[in-house]
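Visitor: Residues per chain are reported as follows:
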Amino acid sequence: MGVFTMPSLGADMEAGTLVEWLVQPGDTVSRGDVIAVVETQKGAIEVEVFEDGVVQGLMAELGAILPVGTPLARIGAEGAPVAEKMAKEAPATNVPAAPERELPCREAAPPASGPSQSKPQPAPPPRPKPSARARPAASPAARAKAAELGVDLSVVTGTGPGGAVVLEDVEQARAPAQPLDPAAEMRRAIAAAMVRSKREIPHFYLSTTIDLEAATAWLAAYNEVRTPDDRLLLGTLFAKAAALAAAQVRQVNGHYLDATFVPADTVNLGIAISLRGGGLVAPAISDAQNRPLPELMLAMKDMVSRARAARLRSSELTSGTLTLSSLGETGANEMIGVIHPPQVALLCLGAPRIEPRATGDGITPRRVVTASLSADHRVSDGRTATRFLTAFDAHLQTPEEL
Amino acid sequence: MTEAEIRKAFLDALTMIAPDLDAATIGGGDHLQDDLELDSMDILNLVTALHDRLRLNIPERDYPRIATPDKAVRYLQEAGA
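Just so you know, the sequences run in chain order F and P. This note's numbering puts the first sequence at residues 1 to 402. This note's numbering puts the second sequence at residues 1 to 81.
Think of the hints as simulated: they come from the structure by calculation, not from any bench. One should not assume that every hint holds.
[Unchecked claim] Computed far set for chain P versus chain F, every beta-carbon distance over 12 Å: (1) Ala23; (2) Thr68; (3) Tyr75.
[Claimed, not checked] Calculated lysine-lysine pairs in the DSS-like style (CA-CA distance at most 30 Å, straight line): (4) P:Lys8 with P:Lys71; (5) P:Lys8 with F:Lys301; (6) P:Lys71 with F:Lys198.
Glycine residues also receive a C-beta, built at the ideal position from the N, C-alpha and C atoms.
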């Protein structure tokens, strides 16, 4: 019996995306069988199992970015009681969440189950463990409910007196499985990528404050004569200006792979999207530099709604060549970000604000934004980064040409 | 429309664009951005939804007037919803 985990498929691999299961709970597998397909930065890789046994449960959801070591599946000896139960209860379709129902039991179960295990305990366990007794302690109501629902009482963790199974435990055991906490998974994925970034990428940072009067005036006039569904956001202008600047300054647009910078021939602009409820994804809009503003706006709307519904395509998550991260309308003035590997730069925008600025002979209030570029010193230097920020600024001064 | 109908239409649109919000727990004075954490894309989607449902084209300069449900109900009433 063992837990099959996300293997390390290379020294630099922090995480992989599970894209396909080739087995179902109940399948018999032999050492060397391919059981899953994992998408890594080196492409799709077929993953082999290390032992003979029966797949007792799939523990990871398709599409999740999983750090190396994350449990993916449980492989047990043939004929194990859990496997039988799984095979009976799990539907034929691949529902990764279903086996999670067993997780509370798995946590509580001793490594080698058996009644003898409970004797030499120095202290009582926090929660009584299910045992192999023929007739587990259970309240009459729990027993009746278990019979009605077809729940096996011997695998239900009891919370009643002396570890007896009570009605609530049966209902709990029957309740639909809770999927892995997506927010926690997301945080782990972010952590893996950011740790790798900070470890490998010699970041340097440049900031500049950009006057937004031209862009906001143009945008207000544009939106004034349009119904809401045809309006643009300032963020659309930022995205287009960033894409155009990246197309001009190629050293910030591409991937750093195998100690070599590979400039991209188009701009797949990653847009950092914060998810309601926590977490962040940065799916990319392909060929952003060639899309007219209304089309770019539609693509952004579509991507934000799909990001929030967790329906992004894997290509969107891997194809980004430069990422834009904006704080939005309110918040801090400036943000200095961490590059998303294998990309080599990240453009961060603080919240736009009104600021007194020297204009001509006087001082006037102007709407401005602080743009900060984090860049990879293996690929570019301050001069290059300045060229990018200058180009970005210039595009925002001529919004009608965006 | 009555005030209650307008409020319901507004909250319906709001919970449609941010499905994690529960209409029953949204206060009349809750600020869409500061309290309910809507961003500019959400606000635009909300205004689009109100346009579809109430046939009211809310100009950008009036966005501050729908910053809370209470303000929005007042504004939408004045605007002829």
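Visitor: Quick check for students: does the CB of P:Thr68 sit more than 12 Å from each CB in chain F?
Guide: holds, 15 Å
Visitor: Would the least Cβ to Cβ distance between P:Ala23 and chain F come out above 12 Å?
Guide: holds, 16 Å
Visitor: Holds or violated: P:Lys8 and F:Lys301, Cα atoms, limit 30 Å.
Guide: holds, 25 Å
Visitor: Going straight from one Cα to the other, do P:Lys8 and P:Lys71 come out at no more than 30 Å?
Guide: holds, 14 Å
Visitor: Checking a non-interface call: every C-beta of chain F should be farther than 12 Å from the C-beta of P:Tyr75. Is that right?
Guide: Since the minimum Cβ distance to chain F is about 15 Å, P:Tyr75 lies beyond 12 Å and the statement holds.
Visitor: P:Lys71 and F:Lys198: Cα distance at most 30 Å?
Guide: Between P:Lys71 and F:Lys198 the Cα gap is close to 46 Å, so the pair fails against 30 Å, i.e. violated.
Hint 6 from the list above is the single one not met by this structure.
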